[in-house]
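Heads up: the sequence lines are chains Y and A, in that order. Each residue of the first sequence is one higher than the one before, counting from 1 in my numbering. Each residue of the second sequence is one higher than the one before, counting from 1 in my numbering.
Some clues are possibly wrong.
Claimed, not checked - To list a few chain Y residues with every Cβ distance to chain A over 10 Å, as calculated:
#  : residue
1  : T4
2  : T17
3  : I18
4  : V24
5  : S27
6  : S38
7  : S49
8  : G87
9  : E99
10 : S115
11 : I128
To be verified - If you want a taste of the chain A side facing chain Y, the calculated C-beta under 8 Å gives, among others:
#  : residue
12 : V114
13 : Y120
14 : W132
Calculated directly from the structure, the hints in this document are not laboratory data. Note that beta-carbon positions come from the ideal geometry of N, C-alpha and C, so glycine has one too.
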Amino acid sequence: MISTTLKICSILLFTTTIIVGGYVFYSLYLDLSSLSFSVSSKLNMDAASINLILNVTYTGRETLRDFTITLTAGNYSETHSLNLKVGSTILSYTIPIEEAFSSSVYVRLSVNYMSIVKINIVSPKINITRVGY
Amino acid sequence: MFSKAGLTRKILVGVLTGCLSYIAYYLIPLLAIRQIIILPTMKIQTVPSGMVGMELFNIWILLSLIILSVATSVFSENIIGVVIGASIPIVMIVYLMSLMNFGVLALEYLGYRVNIDITYILILLAISVVIWSIARVFRYVEGL
């Protein structure tokens, strides 16, 4: 009797985990594939810092709640936490000029999906180049 | 202890169970992981280190499972056989979890480094396997 109950519990737990896991991965696939970024930068008036604009475009189902975007450039690091809405979200970062040109600049996205799956995505190095003077 | 025919039958059952265990505990999970994580069209450059070079046909795992299953079958009326049989799924799920860095998958895709933490899902799967193994031991105890 106990063994049968345990076997039923085991099968139920296994099946539920597979179904929930599959649903979470499918939802993540839908949401993350509907996310796109574009980066632009300009030198600030004080000539000591660079203003980096990160434009996040999202067309998903608004289920990415615990979503953070961190921009790192050497010792400079700034994190924005946001609940993504359909449309464009503009994030602004002010990076000291020495960090922008001497260190690698990259963006890290962190998603904690339903507290079940955690995903970290680190972008390739963002190149900030001087154009003219 | 056993008649010759009885022993042969138990060994054959063990070999068959070992082959089925290989399919259930190694082949299907590995194919599922490859399908989810290593999609060929994604041109993923780096895959979780433990999974590099993993072959679908691994003779050592197959032999180990056959030997353990034969031992389980031969000693099926003994607590030793029950314990060995119950430990096979636990050992296999721990082995598969170790291949996946215990739930943290790291891969690289077109310059993007992606870390996926599925520890909770793997823990739940491991718990269900452990409950199944405990059920097998209980079944033996109830039959005493």
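Cross-check of the supplied hints:
1. T4: 8 Å, violated
2. T17: With a cut-off of 10 Å, T17 of chain Y comes too close to chain A, as the shortest Cβ separation is near 4 Å.
3. I18: 8 Å, violated
4. V24: Contrary to the label, V24 of chain Y does not stay out of reach of chain A, its closest Cβ about 8 Å off (not over 10 Å).
5. S27: 14 Å, holds
6. S38: With a cut-off of 10 Å, S38 of chain Y remains clear of chain A, as the shortest Cβ separation is near 15 Å.
7. S49: It holds; S49 of chain Y is separated from chain A by about 26 Å at its closest Cβ, greater than 10 Å.
8. G87: 23 Å, holds
9. E99: Holds: least Cβ distance 21 Å, greater than 10 Å.
10. S115: 8 Å, violated
11. I128: Answer for I128 of chain Y: holds, closest chain A Cβ roughly 17 Å.
12. V114: The hint holds - V114 of chain A has a Cβ within 8 Å of chain Y, the shortest such distance being about 5 Å.
13. Y120: 5 Å, holds
14. W132: With a minimum Cβ separation of about 4 Å from chain Y (threshold 8 Å), the hint on W132 of chain A holds.
Violated hints for the displayed structure, listed by number in ascending order: 1, 2, 3, 4, 10.
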